[in-house]
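Chains as they are written, first to last, in this note's numbering: chain A, 1 to 347; chain B, 1 to 281.
Misleading hints may appear alongside valid ones.
Unchecked claim - Keeping only pairs whose Cα atoms sit at most 16 Å apart, straight-line, the calculated EDC-like set for lysine to aspartate or glutamate is:
| no. | chain 1 | residue 1 | chain 2 | residue 2 |
| --- | --- | --- | --- | --- |
| 1 | A | 321 | A | 293 |
| 2 | B | 191 | A | 276 |
| 3 | A | 184 | A | 159 |
| 4 | A | 128 | A | 153 |
| 5 | B | 85 | B | 180 |
| 6 | B | 189 | A | 74 |
| 7 | A | 73 | B | 133 |
| 8 | A | 7 | A | 59 |
| 9 | A | 73 | B | 180 |
| 10 | A | 128 | A | 115 |
| 11 | A | 184 | A | 307 |
| 12 | B | 176 | A | 53 |
| 13 | B | 277 | A | 159 |
Claimed, not checked - Only some residues are given here: those of chain A computed to face chain B with a beta carbon under 8 Å:
| no. | residue |
| --- | --- |
| 14 | 61 |
| 15 | 64 |
| 16 | 79 |
| 17 | 83 |
| 18 | 132 |
Treat the hints as calculated values from the structure; they're not laboratory data. Backbone N, C-alpha and C fix where the C-beta goes; we use that ideal spot for every residue, glycine too.
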Amino acid sequence: MAEIQIKNVAKSFGAYQALNNINLTIADQEFMVLLGASGCGKSTLLRIIAGLETATSGEVWIGGKRIDHLSPKDRGIAMVFQNYAVFPHLTVFENIGFGLRMQKRPNDEVKRRVERVAGLMHIEMLLKRYSGELSGGQRQRVAVARALAMEPDVILMDEPLSNLDALLRMEMRAELKGVLAESKTTAIYVTHDQVEAMSMADRISVMHQGNIVQAASPIEVYRNPSARFVASFIGNPPMNFLPATPAGAGKWQVAGQTLDGPKADKPGLHFAIRPEDMQQAESGLVATAKIVEPLGAHLLVTCQIDEALFRVILDSDTVVKPGQTLTLAPQADRVRWFDPDTTLAVA
Amino acid sequence: MNARVLPYVLILPVTLFLGLFFLYPFVLVAKQAFGSQEGWSLENFREVVDYWKFPISLRNTLLLAAAVVPVQLALALLMATMVSKMQKGRDLILYIWTIPLGISDLAAGIIWLAIFEQSGFLNSMLNGLGVIDKPVNFLTYQHPGVVFLAIALAEIWRATAIMLVILVAGIGLIPKEYYEAADVFGASKWKQFTRITLPMLRPSLQTALVLRVILAFEIFAVVAALGGTLFPVLMGETYAYQFDLLNSGAAAAMALIILGISIGFTLIILRILRVPKGASI
Ligand SMILES: Nc1ncnc2c1ncn2[C@@H]1O[C@H](COP(=O)(O)OP(=O)(O)OP(=O)(O)O)[C@@H](O)[C@H]1O
Ligand SMILES: [Mg+2]
């Protein structure tokens, strides 16, 4: 059992506050992805869990044991580094077996465990090579194998696929997820690639400026973003926003249309909808098409509603010309509302 | 200009310079060493090797190198590791530690002579502490150990910094991530030193050791200042052949012998510390 609990963890570098009061619980065997833009503190949080960085305050627990005062090797973790950190002066075999050697395991056990994980990662034929003789993808496999060989309770990964090309990344994504699920370890995976996050995660923690804004399943994060930041960060293209003014109880005026909305007592809200949740209809929001991009599977149209840009994804058979006026109806159950003051979602 | 020719054109000035001021004199020296009245011969080599002082000076030179270089290596590694771990004041410490580099070897010998000679600091100190009641001359044939020790100390003091500088640069080139990985995978600080730092430092160790070993075989001024004729070394004998005995053929032969020993040790060092193909950083 390796449940991870992060309690009130904060970290500052001098005057700079890199993490503010992080609270997060990761279930045993869960695959948790930390997702956020560059500089939001993902690596810092991961390194605090690993013990490579000391938190300014707060506690880290793994498997019901407080571990933030322990050295990295006593935490039951293994890590895959962004630049792999595969030792250049050791063969692939010795790299994978490095941690086992440090634990002074007998030779035959090292050999057995190295060969097993090398098989899992499909690198049995590379065991005698040095890292200078490997491709980026192979080095990445060695780094994962080295972590798996430890049979850790928790495996930490900092953007392990970011140095690979797009095709290889997609391949490794699926493979990594399979291997980790099989090994039954709890995994924390840092990335700034939302496709990676959506496709791999059991749960995503969206981070922004040293805070965790939302921690939920991928579909929940996508459908029900808890804050405007999440809505505009997740999804490609992201959610559309339009200002809304009150028009009676539970009614809101959006771009000249009256829509059903929350019964909130606010001077204004933001109406939000995903581009694919708009359809052409008899009545709805009136938009002027600006840019039309046929993307094969569908048609991406960037239009203007009042002063705001607004993107919709339409069926690829639709014929739209720039300058044309579209009437777009939002799918009612997909409309979301955000409070402009707190930026939080309003139900 | 043709991109294949350009590199050679660019190194041409240096090549010419080295050819003129290194290769040409070297050929002259070789001609002198192998020449005699009746043409090519090994006469000069036979002469210097058969001389009774040759085995002694060879042994002294090797002994000194064997005593000094390992101590310097260990010290330089220790100092380089300490400097590399420092956050503040690192440059200052490095400057202070490298001061002896700015002093010529003869001056260094004289400084240590001032410590060990009869009216030197060591005598005053021992006298002041009451260990001895009258000044002792340490640097005589009665105290060969002290002479050796004084020379070794002076060499260590003078020339450790050159290794230090090379090793500090080398350690700085090792990416921090390797140590973090070693930390996570359970390597103690000592294991990190032996399993990460030392192997990844091999190129720098090669350079530092080759430089130091060659310089150790060329030791001359420090020995001249502290040991005089008490402690003959190869370079001192070469000097004596050239300027005291005016036998430049023998001096040239000695110089080539020293060169041969240096090349031999360089090859051994390069071999022992070689980095396998594909295993560099
Ligand atoms: N050792 C340090 N000293 C000072 N500031 C630091 C240090 N490490 C990180 N920071 C700062 O903390 C913030 C978070 O850094 P972190 O490396 O966690 O970002 P990240 O989310 O991993 O970004 P990326 O996706 O670019 O890797 C950044 O603004 C960074 O400049
Ligand atoms: Mg990072």
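Status of the hints after comparison with the structure:
no., hint, in the structure
1, 321/A with 293/A, "holds (10 Å)"
2, 191/B with 276/A, "violated (56 Å)"
3, 184/A with 159/A, "violated (20 Å)"
4, 128/A with 153/A, "violated (28 Å)"
5, 85/B with 180/B, "holds (14 Å)"
6, 189/B with 74/A, "holds (15 Å)"
7, 73/A with 133/B, "violated (60 Å)"
8, 7/A with 59/A, "holds (5 Å)"
9, 73/A with 180/B, "holds (11 Å)"
10, 128/A with 115/A, "holds (12 Å)"
11, 184/A with 307/A, "violated (51 Å)"
12, 176/B with 53/A, "holds (13 Å)"
13, 277/B with 159/A, "violated (29 Å)"
14, 61, "violated (18 Å)"
15, 64, "violated (22 Å)"
16, 79, "holds (5 Å)"
17, 83, "holds (6 Å)"
18, 132, "holds (4 Å)"
Taken one by one, the earlier hints fail for this structure at numbers 2, 3, 4, 7, 11, 13, 14, 15, listed in ascending order.
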